[in-house]
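Colleague: First to last, the sequence lines map onto chains A and B.
This note's numbering puts the first sequence at residues 784 to 1174.
This note's numbering puts the second sequence at residues 9 to 308.
By construction, these hints were calculated from the structure, which means they are not laboratory data.
Bear in mind that the values here come from a model prediction, so they are computed numbers and not experimental data.
Glycine is no exception: its CB is placed at the ideal position from the N, C-alpha and C atoms.
Hints may be right or wrong, so weigh each one.
[As the list claims (entries may be wrong)] Under the rule of at most 20 Å between Cα atoms (straight-line distance), these lysine to any residue pairs were calculated in the SDA-like manner:
id : chain 1 : residue 1 : chain 2 : residue 2
1  : A       : K1066     : B       : N290
2  : B       : K274      : A       : D1064
3  : A       : K1066     : B       : K274
4  : A       : K975      : B       : G107
[Unchecked claim] Far from chain B by the CB rule (all over 12 Å, computed), these chain A residues:
id : residue
5  : S848
6  : N1005
7  : E1020
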Amino acid sequence: MNIHEYQAKELLRSYGVAVPAGNVAFSDSQAQAVAEQIGGQRWVVKAQIHAGGRGKAGGVKVADSIEEVGRITDEMIGMNLVTHQTGPQGRVVKRILVEEASDIQNELYLSFVIDRATQRVTIVASREGGTEIEEVASHSPEKIITETIDPALGLADFQCRKVAAALGMNDKTRMTQLVRIMKRLYRCFRDKDALQVEINPLAQVAGDKLICLDAKFNFDDNALYRHPDINELRDLEEEDPKEVEASGHDLNYIALDGDIGCIVNGAGLAMATMDAITLHDGKPANFLDVGGGASPEKVTNACRIVMEDPNVKALLINIFAGINRCDWIATGLIQAYTTLNIDLPMVVRLAGTNVEEGRKILEESKLPFLQADNLDDAAAKAVATVKGEQT
Amino acid sequence: MSIFVNKRSKVIFQGFTGQHATFHAEEAIRTGTQVVGGVTPGKGGSTHLGLPVFDTVAEAVRETGADVSAIFVPPAFAADAIMEAIDAGIRVAVSIADGIPVQDMIRVQRYRQIRWETQGDACLVIGPNTPGIITPRECKVGIMPAHIYRPGRIGVVSRSGTLNYEAVEQMTALGLGQSTSVGIGGDPVNGTDFVTVLKAFEKDPETDAVVLIGEIGGPQEVAAARWARENMQKPVIGFVAGLSAPPGRRMGHAGAIIAGEDDTAKAKMDVMEELGLYVARNPAQIGETVMRALRENGIS
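Looking at chain A on its own, in the form it has when it is part of the complex (with noise of 0.2 Å):
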């Protein structure tokens, strides 16, 4: 689960550590009033949404009065924010964030993450902020910093000054202020259960100080359950409707852009069906994993999310039944067809537990399902289905 900007940064004050002094609002009137009662001559005011690259698109704009606040605050409010990250349909803006400007004189890149290959928590740095790391690392690896964290003993004060050195933040004020950094952000991603940390830019300002001009937090969704005060900032509104409604049943569902949906047990095998109908010359339309029990209820409201899909021109049920079982699964196809009125051509495989039952269920229902006997060959049925020739 991802957060917004104005809420990662209350979450680190709540940790000490330092970020501008900034607030959200909803309205011009409000981004005024939050300029205020922050004081000084400018002010930042940015786009809050959940994808990056703002900046360029226009989202993050510096203004010199209250008034401009308020201008600047009115046109982006409402706008559709296209980023590299939104995809080209873009992102609606509906609230903002306005902080002090602040004066930067040098900027860095640190961030906590999971390393898959350690399987450990690790610190990713770079002297150069501002730019995406992703960057950095194909531009000039060699600028990466990492440090692997032992989750028994913690983020020991050695492991920051190494990172803070590398960094060339070697004087004793601004090391002992990355150290005390990067120990409060470990803190509170091994509190939190985070999956990411992202502080791009962590400026220096005047004055020698080290403050967080941008953060992004990810969580994992499997702890969300001991963290309320988490899952409260959750914002349902920059996540896509239909899978947030597929999540309520269970369902596991992302929408792609061809013409074949896909209703799969499993996450591997869906990847694999739809990998089969690529090698067709098909294109998905979604990725849907129903799970492990799919009762009847759940396979019907799999088929409604995924024909709530207008491009969708055929329907692709594979299920390998491990705990599942087919005759339940053909008792649910059935169900679907008949409460959801389907006109689309399905391709349904089974196989697995009580196969045999589950074909014949479908077989004595005389509707036109169309079996396929392996994965090749619903693929195949499928993408002919879509072309208009009959198999």
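Given chain A's structure and the hints, the job is docking chain B onto it.
Modeller: Just chain B, lined up with the frame of chain A:
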């Protein structure tokens, strides 16, 4: 023979009296597994399915000589249950649950390492988020449909559960059985990696070839392919799911995230091929690719 579990394995179930554990313990017994009891804290001293129930894994191990544990404990408590199994000296701990917090698994892995360094306990943790491990007709520790597996000489290791079944069905259709099939699980931090399983298959005199089924995301498949190239005589057949996955999107498993170019399905299969593995580019051709590998290596 087989790897990790066989007909001599003594299996306990953690979370024994729960609905899922009960169902799968019955299945395991029905398909020949030596189930010797189970653990449900607070129910020690009673019996379930005619087998003894213990309060702790330590007691169960002491009383039954169990060396394998099937952990059917919900995700919030699973990490603790795995560590309890390690502490009790269980040799193979299989954690089925999907949804264990990543940082919990980081601690489990650290605990395993500490136990190994200080006590010499080498517990193999399989999973989480796995269908488990099966040596057909000998020992089933997990939730896979036993009837699709046949005793044979092909080792199978996969991250995904249902894709494991898919590969097995394709092999069975061609008359190929399995020595052991291991699901290492789809989570970003898991107990056992591909290399550990490949090592065991390479040593097993009754395994002729190994099928390795990966997914987009993470460095494991490439590490395994490199290891196989350097250390294996037996042919390895690889497939990586997610060729058609758009970059940057999560596909169910937390692990299946494309972080950079190197861990796309295509990049991984390219590396596998360069390293001399047999690669099934099409998920429907895993079985055929195994046949080709056996033929080309003079194994029948």
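Colleague: Could you run down the list of hints and mark each one as holding or not?
Modeller: Hints and how they fare:
{"no.": "1", "hint": "A:K1066 to B:N290", "in the structure": "15 Å, holds"}
{"no.": "2", "hint": "B:K274 to A:D1064", "in the structure": "17 Å, holds"}
{"no.": "3", "hint": "A:K1066 to B:K274", "in the structure": "17 Å, holds"}
{"no.": "4", "hint": "A:K975 to B:G107", "in the structure": "16 Å, holds"}
{"no.": "5", "hint": "S848", "in the structure": "39 Å, holds"}
{"no.": "6", "hint": "N1005", "in the structure": "4 Å, violated"}
{"no.": "7", "hint": "E1020", "in the structure": "19 Å, holds"}
The structure is inconsistent with hint 6 alone, although it conforms to all the rest.
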